[in-house]
Amino acid sequence: MTGIQTEEKLSIGGIKFTENIALLSITEPIDKADTAPLFFRFLSENEINIFMLSRVMDEQAIRTDCSISEDDLDNIYKLIFSSPELKERLKVLHGLGAISIYPHKTRMKLLGKILFAFGNRKIPVYNMTSSISSFTFLTDCNRLNKAAEALEENFRLPENHAPFQKLFCIKHVHKQG
Amino acid sequence: MSDDKLILVVDDDPDLVESVSLKLESENFKVQKAYDGVEAWEKIKAEKPDLVVLDVMMPRKNGYELCDELKADDNYKDITVILLTAVADAVTSTSYTHMDGKTTMADDFVPKPIDLDNLMEIVKENLNFS
Numbered sequence: 001m002t003g004i005q006t007e008e009k010l011s012i013g014g015i016k017f018t019e020n021i022a023l024l025s026i027t028e029p030i031d032k033a034d035t036a037p038l039f040f041r042f043l044s045e046n047e048i049n050i051f052m053l054s055r056v057m058d059e060q061a062i063r064t065d066c067s068i069s070e071d072d073l074d075n076i077y078k079l080i081f082s083s084p085e086l087k088e089r090l091k092v093l094h095g096l097g098a099i100s101i102y103p104h105k106t107r108m109k110l111l112g113k114i115l116f117a118f119g120n121r122k123i124p125v126y127n128m129t130s131s132i133s134s135f136t137f138l139t140d141c142n143r144l145n146k147a148a149e150a151l152e153e154n155f156r157l158p159e160n161h162a163p164f165q166k167l168f169c170i171k172h173v174h175k176q177g
Numbered sequence: 001m002s003d004d005k006l007i008l009v010v011d012d013d014p015d016l017v018e019s020v021s022l023k024l025e026s027e028n029f030k031v032q033k034a035y036d037g038v039e040a041w042e043k044i045k046a047e048k049p050d051l052v053v054l055d056v057m058m059p060r061k062n063g064y065e066l067c068d069e070l071k072a073d074d075n076y077k078d079i080t081v082i083l084l085t086a087v088a089d090a091v092t093s094t095s096y097t098h099m100d101g102k103t104t105m106a107d108d109f110v111p112k113p114i115d116l117d118n119l120m121e122i123v124k125e126n127l128n129f130s
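Chains as they are written, first to last, in the working numbering: chain V, 1 to 177; chain P, 1 to 130.
One or more hints might be untrue.
[Said to hold, decoys possible] Not the full set, but computed from the structure, chain V residues with beta-carbon under 8 Å of chain P:
no.: 1; residue: Leu10
no.: 2; residue: Gly13
no.: 3; residue: Gly14
no.: 4; residue: Pro103
no.: 5; residue: Ser130
no.: 6; residue: Ser133
[Claimed, not checked] Residues from chain P that keep clear of chain V, each with C-beta distances beyond 12 Å, as calculated:
no.: 7; residue: Leu6
no.: 8; residue: Ser19
no.: 9; residue: Ser21
no.: 10; residue: Glu27
no.: 11; residue: Glu47
no.: 12; residue: Lys48
no.: 13; residue: Asp50
no.: 14; residue: Asp68
no.: 15; residue: Ala72
no.: 16; residue: Asp73
no.: 17; residue: Lys77
no.: 18; residue: Met105
no.: 19; residue: Asp107
no.: 20; residue: Asp108
no.: 21; residue: Met120
no.: 22; residue: Leu127
[Unchecked claim] Simulated restraints, written as ranges between beta carbons of each label pair:
no.: 23; chain 1: P; residue 1: Glu27; chain 2: V; residue 2: Glu8; range: 30 to 38 Å
no.: 24; chain 1: P; residue 1: Leu6; chain 2: V; residue 2: Glu149; range: 30 to 38 Å
no.: 25; chain 1: P; residue 1: Lys45; chain 2: V; residue 2: Leu53; range: 27 to 35 Å
no.: 26; chain 1: V; residue 1: Glu152; chain 2: P; residue 2: Asn128; range: 42 to 50 Å
no.: 27; chain 1: P; residue 1: Lys30; chain 2: V; residue 2: His161; range: 16 to 24 Å
no.: 28; chain 1: V; residue 1: Asn20; chain 2: P; residue 2: Lys30; range: 33 to 41 Å
no.: 29; chain 1: V; residue 1: Glu8; chain 2: P; residue 2: Ala86; range: 37 to 45 Å
no.: 30; chain 1: V; residue 1: Phe42; chain 2: P; residue 2: Asn128; range: 46 to 54 Å
no.: 31; chain 1: P; residue 1: Lys45; chain 2: V; residue 2: Ile30; range: 39 to 47 Å
no.: 32; chain 1: P; residue 1: Leu6; chain 2: V; residue 2: Pro37; range: 46 to 54 Å
no.: 33; chain 1: P; residue 1: Ala86; chain 2: V; residue 2: Met57; range: 32 to 40 Å
no.: 34; chain 1: V; residue 1: Lys32; chain 2: P; residue 2: Asn28; range: 48 to 56 Å
no.: 35; chain 1: P; residue 1: Asn118; chain 2: V; residue 2: Ser130; range: 26 to 34 Å
These aren't lab readings, by the way, just hints derived from the structure by calculation. Note that the coordinates shown come from a computational prediction; the quantities given were computed from them, not determined experimentally. Think of the CB as a built atom: it goes at the ideal place given N, C-alpha and C, for glycine as much as any other residue.
Work out the full structure, taking the sequences as your base and the hints as a guide.
In structure tokens form, the structure reads like this:
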């Protein structure tokens, strides 16, 4: 048996998917870390939302990861082609999705058990974040269902919990003219 | 005074449910949470709330449908319903909201993004606290 025993199962309120996410990674030398600030100015000027952001630094380099909607990738590619430096420093990983588990109620044990469940099913986690209510993990979009199965196997969900897919999305659209 | 009032918060955004719940709890309201219209109905039947803070756009059963069903049911029509709507322009009065030509009864509405203080004022007003 790979799942957690029934008596040890923690209860969660629900699971939610967000599909079509791209992860952008900028790696730059620590003594010339000027790409990320310019890149984020571009995101801001183009009103591109960032779902997750992380920044890791060691003695040689700074790596900045951020995730955005794949719908915004055309703009990013245009920028990459206009900047040789960015082309060299920016990596794009697309075809990703996020799975959110809520509520966490600040239970760090829940985080450990989620990672255990994903690890057992060999589900990659490219990035993770927490919010006021949820833990969210970035993985391959085509593995979201597998990730949900792993959670259903290891956690107690409400009998009639909400479907995973988000059915509505509101997007701000600028009107022409 | 608010200790005996039960409020159900319904939205498919867990972060919004949590932040609204925390604010209501800080004002000593009792709070139940639901993440879609179907779950909300189950919670309402299990324990009738005094007021429902209800998102409009949700999976399975949206806020308009749930509001209609509540207001059409003699057992539940007295529950105060406050709609959370990102389409505030479509709301023409505090008694009726309109969407695609459809009229839905609600007691009040709060536009998204939500101002928690404003929401709290509207909740208290509708519960005759202010």
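Against the structure, the hints:
no., hint, verdict
1, Leu10, "violated, 16 Å"
2, Gly13, "holds, 7 Å"
3, Gly14, "holds, 5 Å"
4, Pro103, "holds, 6 Å"
5, Ser130, "violated, 10 Å"
6, Ser133, "holds, 4 Å"
7, Leu6, "holds, 18 Å"
8, Ser19, "violated, 6 Å"
9, Ser21, "violated, 9 Å"
10, Glu27, "holds, 18 Å"
11, Glu47, "holds, 15 Å"
12, Lys48, "holds, 19 Å"
13, Asp50, "holds, 22 Å"
14, Asp68, "holds, 18 Å"
15, Ala72, "holds, 22 Å"
16, Asp73, "holds, 19 Å"
17, Lys77, "holds, 24 Å"
18, Met105, "holds, 22 Å"
19, Asp107, "holds, 23 Å"
20, Asp108, "holds, 21 Å"
21, Met120, "holds, 17 Å"
22, Leu127, "holds, 25 Å"
23, P:Glu27 - V:Glu8: 30 to 38 Å, "holds, 36 Å"
24, P:Leu6 - V:Glu149: 30 to 38 Å, "holds, 35 Å"
25, P:Lys45 - V:Leu53: 27 to 35 Å, "violated, 42 Å"
26, V:Glu152 - P:Asn128: 42 to 50 Å, "holds, 44 Å"
27, P:Lys30 - V:His161: 16 to 24 Å, "holds, 23 Å"
28, V:Asn20 - P:Lys30: 33 to 41 Å, "holds, 39 Å"
29, V:Glu8 - P:Ala86: 37 to 45 Å, "holds, 40 Å"
30, V:Phe42 - P:Asn128: 46 to 54 Å, "holds, 51 Å"
31, P:Lys45 - V:Ile30: 39 to 47 Å, "violated, 59 Å"
32, P:Leu6 - V:Pro37: 46 to 54 Å, "holds, 49 Å"
33, P:Ala86 - V:Met57: 32 to 40 Å, "holds, 38 Å"
34, V:Lys32 - P:Asn28: 48 to 56 Å, "holds, 55 Å"
35, P:Asn118 - V:Ser130: 26 to 34 Å, "holds, 27 Å"
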